[in-house]
Amino acid sequence: MQSGDAVLDTMPKLLARNVQKFGNSPAFREKDLGIWQSWNWNQANEQIMFLAKGLIELGVKEGDHVAVIGRNRPYLYWSLLASQHIGAVPVPLYQDAVADEMEYILTHCNATFAIVGDQEQVDKIQDITEKLASLREIVYVDPKGLRKYDKTRLHSFEDIIHSGMESPSSIHDQLQDRIGKIESGSTCVLLYTSGTTGKSKGVVQTHGAIIGAAMSANEHDGLTKDDYQLSYLPMAWVGDYMLSVGQGMAAGACINCPEGADTFQVDLREVGPSYFLGPPPLWERIKTSVYIRIQDASAIKRGAFNFFMNHAAKVGKDILEKRSVSILDRFLYFLGDIIIYGPLKNMLGMSNVRIAYTAGEAISSELFDFYRSLGINLKQLYGQTEASVFLTMQNNNEVYADTVGKPIKGVELKIGETGEVLYKSVGSFKEYYKNPKATKETKDEDGWVATGDAGYMDENTGQLRIIDRANSVGKLKNGALFAPKYVENKLKFFSNILEAVLFGDARDTCVAFLNIDLAAVGNWAERNNISYSSYQELAAHEQVGKILKEHVEEVNKDLAMDPNMSSCQIKRFLVLHKELDPDDGEITRTRKVKRSFVSEKYADLISALYSEKTSIATKTEVTYEDGRKGYLEATVKIVDATLYEVKKQDKNAA
Amino acid sequence: MDFLTYLLTGIFLTPFAEMIEMPDLFFQALWDGFVSGTLYGLIALGFVLIFKASGVFNFAQPILVVLAALALISFYKMGIPAWLSVVCVLIMFYALAWLIERLILRKLVNTDGNILFMSTVALSFIIIGAAQWIFGGRPSSMIHKELGFPTGSLEWPMFGGGVYFEMLDISAAVVAVLLILTLGLFFSRTKIGRGLRAVADDPQAALSVGISLNQIWVIVWFVAGVVALVTGIFWGARSDVSFALQIIGFKALPVLIIGGFTSVPGAIVGGLMIGLGEKIFEIYWGPLLGSGVEGWFAYVIALGFLLFKPQGLFGDKIIERV
Amino acid sequence: MVNEQKKVMMEVKNIKLRFGGVVAIQNVSFDIQEGEIRAIIGPNGAGKSSMLNVINGFYHPQEGEIWFNGEKRPSMEPYEVAKTGIARTFQNIALFKGMTTIENVMTGRQLKMHKNFFWQLLRYGPAIEEEVQHRKRCEEIIDFLEINNIRKTPVGSLPYGLQKRVELARALAMEPELLLLDEPMAGMNVEEKQDMSRFIVDVNEEFGTTIALIEHDMGVVMDLADRVVVLNYGELLADGTPKEVQADQAVIDAYLGVPH
Amino acid sequence: MYFRETGQFKSKYKEELAAFPIFEDKIGIAIAAIIAFILIPLFGLPGLSYEFTISAVMIPVVIFTITTLGLNILLGFAGQISLGTAAFMGVGAYSCYKIMTIFPDLNALICVVLSGVVTAFVGTIFGLPSLRIKGFYLMVATLAAQFFLEWAFIRIPWLYNYNISGAIEVPYKEMFGIVLTGAKSEPLTRYFVCLAFLVVLTWLASNVIRGRIGRSWMMIRDMDIAAELIGVRPLTAKLSAFAFSSFYIGISGALMVFFWLGAAEVESFDINHSFTYLFMVIIGGLGSITGSYFGAILVWVVPVILKEYGKSVFGIDAFIMENFTTILLGVVMLTILIVEPHGLARIWQIAKQKLRLWPFPY
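One line per chain: the protein sequences are A, B, C and D, in this order. Using our numbering, you'd call the opening residue of the first sequence number 5 and step up by one each time. Using our numbering, you'd call the opening residue of the second sequence number 8 and step up by one each time. Using our numbering, you'd call the opening residue of the third sequence number 18 and step up by one each time. Using our numbering, you'd call the opening residue of the fourth sequence number 8 and step up by one each time.
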């Protein structure tokens with residue numbers, strides 16, 4: 005960005021600059037009523053100012069916490085910006101969170117106002133209003149179904165905009181005065197971490213931190229106002245906040261909102277973004293859907309697909325990274341681009357993707373290479389909520405599957421004695437809201453923040469490599485390294501395995517739970533006409549067990565090649581009779597396994613794995629979609645997998 | 008003013024005056040009308056047969072007439088004795104019926120009426136092309152004499168003039184009546200006849216009671232071929248055999264409109280009405296309009312019927328349900 | 018909901034309808050008040066659909082009068098009746114198979130579009146403006162009935178429940194004063210019935226459209242209708258609120274099949 | 008495979024309602040226009056003499072596309088079948104001839120358009136039966152029109168200005184110094200005039216079809232009872248379809264005589280031609296403008312070229328080729344009816360859909 009930006013350290017200043025420099029280029033777009041409604045920066049700014057004045061009239065004072073709940077819509081992004089303009093602190097929440105999860109956050113940050121998407125959210129909040137002493141007013145965007153509700157503490161978004169429009173000049177002056185008071189250090193947003201360990205913590209981020217991190221990330225990839233992306237990730241996740249509001253505002257790029265949760269694929273294709281961020285499970289789902297859909301294609305298409313995909317696997321990455329490739333291969337790849345890769349990227353909506361990132365957790369090299377060989381510039385980035393996401397990012401020409409890149413401008417990294425990664429960055433968070441103890445634990449006096457992840461600097465690439473969560477990297481009884489995440493990712497590479505959980509800390513061998521991927525295994529069952537009525541029955545099917553045994557043994561063979569990892573080979577495993585589900589608290593919203601919770605809940609299964617038993621009857625608590633609790637009984641079989649000898653091979657064979 | 012009077016007298020006065028003056032000419036016209044009426048009836052019968060049995064409006068029926076006539080002549084020219092060549096034509100028709108059923112009808116069994124109708128139009132194009140290619144396009148004379156039909160004409164003096172009855176026309180009328188009776192019986196009495204009527208009503212229902220649809224359709228198309236042959240012989244005898252016959256064949260359409268699509272008697276009565284009406288209108292009112300009126304007269308009558316009684320005299324009422 | 022005596026929108030006075038010898042409707046009279054949901058029930062062949070067709074101008078009764086908004090309605094052709102603001106859905110679906118969902122809903126706007134032939138030729142200026150403005154209105158209805166994801170699919174390939182909903186959308190596109198629903202829930206499963214009932218109530222409340230509803234499912238009639246007309250063998254058997262009608266002995270006999 | 012729709016989003020309804028919303032379609036149309044306007048006039052078709060290409064292949068196919076377009080509006084979009092197409096072309100031709108003789112100095116193109124208007128009136132009159140009857144019966148009514156008009160062309164001398172031969176000859180006409188009609192006119196100019204007519208008429212047709220009037224036709228075609236109950240007056244819808252379609256057919260009739268044949272006898276307007284035009288619409292695809300193009304091209308160009316190649320390459324005389332092409336036409340028609348009753352347009356649509364979904368099947 006130009007030098008003049010040093011002074012742009014608050015959201016209001018950024019917005020003012022965008023209006024001044026990119027006035028008529030698109031700022032917000034949303035697919036609604038069949039077409040993409042759009043507002044340019046002037047129009048958006050006008051709406052945000054009316055909204056800000058309307059909120060002041062509603063009684064939002066400086067320092068108030070304003071909860072924002074709902075699917076990605078321009079109106080909610082305006083609510084974030086408008087709250088910041090009047091000195092209030094926006095607190096985005098997950099729209100599919102269950103009522104009591106919401107209750108914890110709303111009471112913790114004692115939110116006084118809530119701006120919500122539709123009737124569904126209004127109902128959830130009104131269910132728990134008695135417990136929310138501090139909550140005064142609720143504003144809803146989509147009026148459908150709310151005609152009959154008692155409107156005393158319920159306002160429509162239009163009315164607020166309207167009242168802002170007609171507000172007297174005194175309100176206008178109040179707004180200007182409040183904007184004036186905001187500087188780099190004031191709180192910009194309160195984001196609750198998905199909290200893999202116990203209750204989620206409220207991360208307080210300042211304007212300076214968010215904008216600083218966003219600016220350096222934009223600089224790293226050279227993002228301009230034309231590099232827009234589709235805001236499909238939950239608004240409460242720091243990833244979406246940083247990409248849409250952070251980088252979007254910093255670059256003056258347009259924020260595009262999909263029509264609905266279920267039209268992601270269609271909207272992605274229509275918008276055709278050039279910048280895309282997705283967690284590994286999403287990349288996995290897309291790749292599985294490609295292979296499932298291609299199975300049903302005609303023989304010729306399947307033949308062409310397999311031929312060119314193999315060729316891409318061989319040569320694709322080199323071509324993307326501009327390394328030398330034979331003329332024939334280059335021509336074949338060119339042909340492939342016309343017949344398979346081009347149309348494939350077009351069908352996935354990724355034809356224009358210039359920069360794609362995977363973040364949130366490690367990604368298997370197979371999945372990573374699948375996209376790069378297609379010519380999609382998928383790269384790794386590492387970060388966390390406390391660091392306004394951006395810590396390390398890979399450059400276009402130094403992309404590897406198992407490392408996460410070099411620190412970007414304004415970030416310093418160091419490795420603590422226990423192997424934990426520490427950082428000092430412009431994007432560091434101010435504190436955990438109302439939790440000074442946790443703040444002190446994570447952030448020491450001179451500003452070094454503990455990430456909670458274990459890792460080390462890889463000598464030959466000079467990039468950071470993350471092994472696992474610091475607290476879950478343990479030692480086996482015989483002292484060997486135990487890195488569950490590393491093994492689990494290798495297992496999850498197989499399209500049949502959706503989730504894997506490894507146990508072995510302070511034990512002499514490693515054992516694992518496996519979750520089958522209903523779509524992939526279901527499709528396989530269908531083609532081999534194996535009938536099954538439920539997920540549980542399919543999971544318990546002995547042919548499925550046999551296939552998973554092959555997968556586990558392949559991983560064991562792979563682990564055996566790396567000397568300090570071979571001890572993590574899986575001796576015994578079982579196929580879980582139920583899918584790990586966020587509603588049961590077993591995994592987070594972004595599908596990160598809550599390891600301690602799982603090991604408590606399934607203690608009986610773990611002990612069976614370490615005994616000589618070959619099957620175990622168990623009864624597990626299940627939460628159904630509408631919140632009711634139920635019990636699931638099943639006898640789960642335990643399978644032994646062969647372990648492999650450590651082969652004396654040199655380091656880089658792995 | 009004289010134009011108007013000329014018009015009025017021309018329409019209402021002179022024709023009737025002429026009828027009375029020359030009764031024999033009138034009778035002659037009546038007889039000619041009767042004969043062409045029976046032949047129209049025969050062609051219409053071919054349409055009705057196939058429509059009754061398979062719900063298909065066979066647009067190729069007129070061209071089947073031409074094909075039958077041309078084939079007969081060519082077989083005869085190849086030296087096959089007259090009656091034997093008739094048998095050859097019948098065999099040819101059976102083969103054609105079998106082919107049509109196999110290649111076309113079987114594949115279009117439950118598509119809607121328009122598509123079936125269009126397929127018969129396409130079929131007529133194929134037959135035209137094939138017939139011209141194999142039998143050549145030059146018009147040639149019918150071999151009715153060789154078939155033993157009497158020639159020459161009977162004269163019946165009346166009112167000072169004479170009414171000539173072509174022997175050929177008489178035999179045509181006789182054969183036509185015979186054919187109509189046999190078909191009438193065939194439809195009502197014989198097993199296949201009943202099966203035919205069942206299929207016409209509801210193919211699925213007929214199938215469920217075990218009537219083999221394909222077999223029925225082959226028979227139906229074959230019988231339509233026979234009717235076409237008979238029509239071809241007599242029609243070819245009156246005017247030489249050429250593809251112009253097909254245009255005359257279309258005259259059967261108005262006959263069907265008037266007589267209704269599904270009734271055999273309707274076809275015959277309709278045919279007679281058109282035949283007689285056309286002849287008389289042509290002779291008495293024709294000059295007024297510049298003659299050659301025969302071309303469209305039948306259609307205008309049919310149009311009249313369509314606007315007031317769309318289902319024709321005997322057809323069943325079409326009811327629109329919401 | 019109807020509480021006090023409301024303005025009468027439509028009144029049907031001693032209608033008599035015969036098809037040749039068969040008497041379909043035998044001097045039936047009832048009224049439909051503004052803003053109410055009026056159910057017309059009765060066993061099969063009771064003359065319900067025929068009554069609807071009379072209101073629609075499709076059948077012309079031999080005797081009787083139809084009063085609409087206070088005036089006696091002359092004998093009209095169906096398209097004239099449509100102009101007066103009466104729309105309907107059909108018992109067995111009458112969608113335009115050759116078109117997609119959005120096009121079917123757009124057909125509901127025909128009466129509202131007037132740009133003359135000249136502008137249509139050029140499809141420029143006022144003609145395209147009109148098309149866009151009506152297209153937007155259709156999109157709002159599609160959003161209202163939650164059929165956005167089948168916007169571009171040809172209606173022939175839609176499942177039964179969705180086709181019924183597209184038909185309702187088309188009728189709504191006509192922004193009618195009176196909406197005639199001919200067994201909108203026939204052949205639907207429980208969940209689809211709930212959705213359709215919700216939509217019918219929404220239409221009645223949100224747009225204030227008066228609804229005449231033919232329905233067999235007594236449960237639906239009871240909780241949706243304000244007043245009920247019961248027909249049997251073409252005659253008026255009962256007329257009143259759902260509770261009154263339910264208690265009426267003649268109605269119970271008709272439904273339980275006491276020989277008439 | 009060819010389609011790259013990523014990033015092509017619509018932000019205004021107008022874009023959604025455009026004739027060719029997808030960018031790749033616009034390229035397709037541009038290529039077709041280049042071929043028709045530039046390539047063929049310059050190089051003609053491979054293997055055929057340039058003269059033959061223009062006057063025996065291109066001009067007729069352009070004219071017949073207009074006819075097919077007209078018939079498709081009536082049959083494909085409004086669902087009213089008609090076998091009187093050839094006769095209505097005759098009306099177009101004769102009325103153009105009369106207009107030219109009554110107003111000698113009137114510009115040729117205006118005469119053609121006026122003849123279209125006259126035919127529209129005549130077509131509406133013969134369309135009246137459609138109000139009472141439909142489907143098969145309507146077809147027979149239009150047959151009445153066909154034979155009546157054929158009779159009229161011979162029996163009413165006024166039509167051909169009482170000249171003995173009974174045929175109409177084409178007077179000499181020019182515009183802005185270019186010779187348009189008559190013996191001295193260049194085939195190329197006549198080709199461009201016809202092409203211009205085709206482009207304008209296609210654009211007008213596509214506008215009307217996508218608008219209010221076109222929708223009323225389609226409503227009548229799909230379910231006329233429901234259409235009536237929604238407010239479409241059957242009379243206006245049906246008669247407007249007859250009028251609009253006859254306008255197109257009348258113009259093509261005038262163009263056929265004045266810009267292609269150079270003279271006309273009754274035979275060129277007989278029932279067999281009506282059948283050929285019907286074939287063009289059915290094979291091409293009912294209810295689709297692109298279908299009209301496919302139908303006209305296939306039904307006219309393929310037989311002409313076959314005859315040409317038959318003669319020059321295999322030395323088969325024209326008579327046999329003639330029969331062969333009639334059979335071929337019948338066979339192609341049957342296959343289309345069996346395989347895909349909605350004609351080439353639907354095959355094209357399916358192929359396009361497959362390309363858009365490539366490499367996936369759904």
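Think of the hints as simulated: they come from the structure by calculation, not from any bench. Predicted model only: the values in this text are computed from it and were never measured. Cβ coordinates follow ideal geometry from the N, Cα and C atoms, glycine included. Some hints here could point you the wrong way.
Negatives, chain C to chain D, calculated, CB over 10 angstroms [to be verified]:
no., residue
1, 125
2, 176
3, 206
4, 240
5, 250
6, 258
Okay, derived cross-link-like pairs now, SDA-like style, lysine to any residue, Cα gap no bigger than 20 angstroms in a straight line [claimed, not checked]:
no., chain 1, residue 1, chain 2, residue 2
7, A, 550, A, 523
8, C, 169, A, 146
9, D, 361, A, 618
10, C, 89, C, 79
11, D, 21, C, 143
12, A, 553, A, 454
13, C, 169, D, 369
14, D, 105, D, 163
15, C, 153, A, 146
16, D, 17, C, 166
17, A, 623, A, 544
18, D, 19, A, 39
19, A, 582, A, 510
So if I understand the rule, the pair passes when the alpha-carbon distance is 20 angstroms or less; does residue 21/D with residue 143/C pass?
holds, 12 angstroms
Minimum Cβ distance from residue 125/C to chain D greater than 10 angstroms, as the annotation requires:
Violated, because the least Cβ-Cβ distance between residue 125/C and chain D comes to about 6 angstroms, which does not exceed 10 angstroms.
Proposed proximity, residue 618/A with residue 361/D (alpha carbon, max 20 angstroms)
violated, 51 angstroms
Using Cβ atoms and 10 angstroms as the threshold, tell me whether residue 258/C really stays out of contact range of chain D.
Holds: least Cβ distance 30 angstroms, greater than 10 angstroms.
Keeping to a limit of 20 angstroms between CA atoms, is the pair of residue 105/D and residue 163/D held or broken?
Holds, because 13 angstroms separates the two Cα atoms, which is no more than 20 angstroms.
Starting from residue 89/C, check that the Cα of residue 79/C is at most 20 angstroms away, please.
At roughly 16 angstroms apart (the allowed maximum being 20 angstroms), residue 79/C and residue 89/C satisfy the hint.
Given the hinted pair residue 19/D and residue 39/A, is their Cα-Cα distance within 20 angstroms?
holds, 6 angstroms
Far enough from chain D: is every CB of that chain over 10 angstroms from the CB of residue 240/C?
Since the minimum Cβ distance to chain D is about 29 angstroms, residue 240/C lies beyond 10 angstroms and the statement holds.
Distance restraint between residue 553/A and residue 454/A, which requires alpha-carbon spacing of 20 angstroms or less:
violated, 38 angstroms
With a cut-off of 20 angstroms on the C-alpha distance, tell me whether residue 550/A and residue 523/A pass.
The given pair, whose Cα atoms are some 18 angstroms apart, holds under the 20 angstroms limit.
Mind checking the alpha carbons of residue 17/D and residue 166/C for me, to see if they're no more than 20 angstroms apart?
Holds: residue 17/D and residue 166/C sit about 16 angstroms apart, inside 20 angstroms.
Beyond 10 angstroms from every Cβ of chain D: is that where the Cβ of residue 176/C lies?
Given that every Cβ of chain D is farther than 10 angstroms from that of residue 176/C, nearest at about 17 angstroms, it holds.
Against the hints set out earlier in the document, violations occur for numbers 1, 8, 9, 12 and 19.
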